[in-house]
Amino acid sequence: MGSSAALDAPAPVGFAEKIWRINWGLVLVLTAIAGIGVLALYSAAGGRFEPWAARHAVRYGSAFMLMLVVALIHPKVWLSLAWPIYIVSVLMLVAVDVIGKIGMGAQRWLVIGPMQIQPSEIAKVAVILVIARYYHGLRREQASQFLYTLPPLMMILVVVGLVMVQPDLGTAMMVLMGGGALLFVAGVRIWMFLAAGIGAVACLPIAWSLMHDYQKRRVLTFLDPDRDPLGAGYHITQSKIAIGSGGMFGKGFLKGTQSSLNFLPEKQTDFIFTTFVEEWGMAGAMVLLGLFALVVVWGFSIAFRSQHHFGRLLALGVTAMLFLYVFINTAMVMGMLPVVGVPLPLVSNGGTALLSVMFACGLLIGVNVYRDAQLPRTR
Amino acid sequence: MKNFRKGDGERSGLFTRRALVLGGAQAVLMTALAGRLYQLQVVETDRFATMAEENRINMRLLAPSRGQIFDRSGVPLAVNRNNFRAMATSDRGRGADLLVERLDQIFSLGEAEKVRLLRELRRSRSAQPIVVRENLGWEEVARLEFNAPDLPGVFIDLGQSRDYPEGELMSHIVGYTGRVADEDLAGRDDPVLQLATMRFGKKGVERSLEDNLRGRAGAVQVEVNAVGRVVRELDRTEGQPGANALLTIDLDIQRFATEKMKEHKSGSVVVLDVVTGDVIAMVSTPGFDPSTFARGITQTEWRDLLDNPERPLHNKAIAGVYPPGSTYKMVTALAALEAKVIDPWTRLPCVGFLELGSIKFHCWLKGGHGSTNVTEALACSCDCFFYEAARRAGIDRVSDMAQRLGFGKVSELGLPGESAANQPTRAWKQEKIGKPWQHGDTFNLGIGQGYMTATPLQLAIMTARIANGGYEVQPNLLLAKATPREELAPPAVRTKPTAPSLRLNPQHLAIVRQGMSDVVNGSLGTANALRVKQPELTFAGKTGTAQVKRITEREREMGITQASLPWHLRHHALFVCYGPVDNPRYACAVIVEHGQAGGATAGPIGRDVLVETMKRDPSRRTDRFKKMASR
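Chains A and B, in that order, give the protein sequences.
With this note's numbering applied, the first sequence corresponds to residues 1 to 379, in that order.
With this note's numbering applied, the second sequence corresponds to residues 1 to 631, in that order.
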């Protein structure tokens, strides 16, 4: 197999070529988004680098290095590491749930030495890797068969279930929808999605009964924010006031009253978009969303140019994940979705999410660098 | 290998199609986000901008400094002193329970206070802060500051609270202030009254001059954060302090009269300037300590005050009603003289009683006074003379004269709680009792008994109107008012009444005054013992004893006397007087509740107070004010 492959295969890519193949434009866009994050965090702290903005910049720097390293690793390594990574992340999720049970309450963190890790962030990437790995190994006909759809469904649902009990509704939604998007592009038949959709609607009452009180309240508040304007609806109402009062061009840098006077909840994490948009207006929001859109378009083009199925699925999975992050977060702060606790990638304060997003971007760029690598369907 | 490539081509075709569908869906969702942004930031931006400003900006009213109250020579009676208060703004009622628990740990509030705070925190729409506790000491201020991080929305405010330096002495006149009640808001739309720190006059001058003393609110626009803490001040308009008031009261005479009343359980003294109507002194004993109200009265203190049989909260000078007894005889005399049913020389007989049908009307002197004219009858207080004089004049004329002299109606003094007492008329009896007026009723009225009642203030007004030559003076407590204290000054001295004349025959008034003079200065006078030797201090008066319980013929035979009755059934002792006798300036009315005999109990108090007033002559002296004011 080795010799026949050599006939068709292009010459091995040298190191300089690899560096050249890194999407530097994409890297620039990502850095610009992180720069907006630094700006917004500086403002959220009332015009100070402490406690968030400076740390965010430093974290981005190290995550940036991680991304470049990941981008230069050959996809075959990821192909072989997909399963181990997935299994480790599932074990960590179980561990976190168990510790959470003991700690009486929501638990999302795992403390390993000096590090605090959010396993659900790693699991997001792990699910993409393992599903891409799975469909890479299938033939076209197999991919559209029902039986072959069950294993990836299980891979998704195991993670979704473990994340749900933490409870972290936002991440669960993201894994479910991101996984679904991957199954869709991998060629699962449309009727199965329709059946799943109908099944999901049928299961809604069961899901409702399993939800925590605060989750139910959030959903009800989302459906009617005026139901409890001083309680659970307070956050979303204040966020809408902040965004709306920003107007076309915003109140000006460091002049956002809603954030500086603390009317905004979680202004440095989930509601960072609101903080930014209050000061920079719709113009600023369109710039930020435009940069994210650019990332997504880039992701699609990388997926299309990949010569191997693993790369295609990996690139598209990462792109879908980024899109979901952005969409769920911004739709949530604008009152279009319930408040589920999803950060805005590269902008919100928070280390693990930043690392996992940059790791994913590294995978994405890696697909471009090794777009014409030869990957056997089976090992 | 070929299979591999071919298969991949097929897979890639499907992938591309599906990916384009996915990309399309994402584009649709992105468009939805942009649409939502447009809706929030362009279409509805004005509404949200207003809401953001409402969040951020708070209008807070600044309580004006309340006007201070002084006596006529400038001695402070009601002043403001600094008061450190703990205030709280509720974060729209959130966390109120926790906040109250923490405040309880600092101040040990007690259950009732906790309930009040919770109620007010929930009710207050974050606009106006509520009062947690007043009059904080330094230690409490320090403890609060130390715990500030745990107490969101709590802050210390320097305000003013009322202080009454003369305390009980001036309690009935000055009154006190309290929290604004719902009934205080009626007819007043002053927004400052909504302030939790605002105090409102409840009694006395604090109440009657409330609209003068209050002043106008200032306002401050502040930027607040989400927990209601003020971040900075945006705009400020200063209010206007309330007007300061100079009262007509002379504190020295007020104190002197109060001292004189000390030996009796309860009673009242009123001293009027007969020319101006100025109230020089107005005593009602016992009084109360107004500082208990200023710091917030407790339930037990309030009950004790209400249950006291001597009624310390009751201003007896204006709200105590008593039969005027013989002090009413001047009214009967004037009514009869003006009606020309008697003249100054008419002599009427007295054998100790007068019979009307089968009923005997007794004179206080068992053997009778023999034949007396009106002057002599007043001097010896002959009842029979006035039974007959009243009969001749008739109820209508007597009532009319009494009303002209001030009985039966509320004066223009303005203090809350003043009683009109009762000046009976034919119509009144028909309406209230349902029976027609009887001759016997006229007899009783002629000597100030029966249905007749009067307040000490009304007795003083009557005396003043007789003494000043028949001018309808009205009692008055406010000498001057001015917003800057420097402009506060008493008006020029007046020697002639400006009140309208009652158009009484001056000769008749002179006759009645002669009778009152003879009460004190004549050899037959009932208060002959009170006579003053110095010519410039000579005065005229009239004693009175008002029946509380009628001692029946049988009881009298059983030897029951006034002194043997329990205190609350004994007669009231009354005395009215004016002086100096030649050129009257001051009138005084005294009632000693259950003091038994007017001449013996009330008389000496009246004399001492009147003589003291004449000596000090407060109406003609303004130099003392200048001395006080310049201090």
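Derived from the structure by calculation, the hints contain no laboratory data.
C-beta: ideal position from N, C-alpha, C; glycine also.
Any given hint could be a false lead.
Derived list of chain B stretches under chain A, where covered just means 3 residues or more per stretch with a C-beta under 8 angstroms from a C-beta of chain A [to be verified]:
1. 71-81
2. 508-517
Below, in silico cross-link-like pairs of lysine to any residue (SDA-like), each with a Cα-Cα straight-line distance of 25 angstroms or less [what the hints assert, rightly or not]:
3. A:Lys255 x B:Phe361
4. A:Lys76 x B:Asp46
5. A:Lys255 x B:Leu14
6. B:Lys114 x B:Val43
7. A:Lys255 x B:Asp46
8. A:Lys255 x B:Val227
9. A:Lys255 x B:Lys114
10. A:Lys76 x B:Arg47
Facing chain A, from chain B, some residues (calculated, C-beta under 10 angstroms) [as the list claims (entries may be wrong)]:
11. Ala52
12. Phe146
13. Asn147
14. Leu151
15. Leu169
Would you mind confirming whether the straight-line C-alpha gap from lysine 114 of chain B to valine 43 of chain B stays at or under 25 angstroms?
violated (46 angstroms)
Restraint status (C-alpha distance of lysine 255 of chain A to valine 227 of chain B at most 25 angstroms):
holds (19 angstroms)
Please count how many residues of the segment 71-81 of chain B have a CB within 8 angstroms of a CB from chain A and say whether that reaches 3.
Since three or more residues must qualify, the claim that chain A covers the segment 71-81 of chain B is violated, with 0 doing so at under 8 angstroms.
Using 10 angstroms as the Cβ threshold, decide whether asparagine 147 of chain B counts as touching chain A.
Not OK, violated: asparagine 147 of chain B not within 10 angstroms of chain A, min 20 angstroms.
Within the segment 508-517 of chain B, is the number of residues with a Cβ closer than 8 angstroms to a Cβ of chain A three or more?
With 0 residues close enough to chain A, the hint is violated.
Agreement of hint leucine 151 of chain B with chain A interface, Cβ distance less than 10 angstroms:
violated (16 angstroms)
Interface restraint verdict for phenylalanine 146 of chain B against chain A (beta-carbon cut-off 10 angstroms):
violated (23 angstroms)
Restraint status (C-alpha distance of lysine 255 of chain A to aspartate 46 of chain B at most 25 angstroms):
Holds. Lysine 255 of chain A to aspartate 46 of chain B sits at ~17 angstroms (cutoff 25 angstroms).
If you draw a straight line from the CA of lysine 76 of chain A to the CA of arginine 47 of chain B, is it 25 angstroms or shorter?
violated (56 angstroms)
Please work out if lysine 255 of chain A and lysine 114 of chain B have their alpha carbons no farther apart than 25 angstroms.
violated (39 angstroms)
Interface hint for alanine 52 of chain B, Cβ within 10 angstroms of any Cβ on chain A:
Hint holds; alanine 52 of chain B Cβ to chain A Cβ min 4 angstroms, cut 10 angstroms.
Hint consistency between lysine 76 of chain A and aspartate 46 of chain B [alpha-carbon to alpha-carbon, up to 25 angstroms]:
Between lysine 76 of chain A and aspartate 46 of chain B the Cα gap is close to 56 angstroms, so the pair fails against 25 angstroms, i.e. violated.
Comparing the model with each earlier hint shows violations of hints 1, 2, 3, 4, 5, 6, 9, 10, 12, 13, 14, 15; every other hint is respected.
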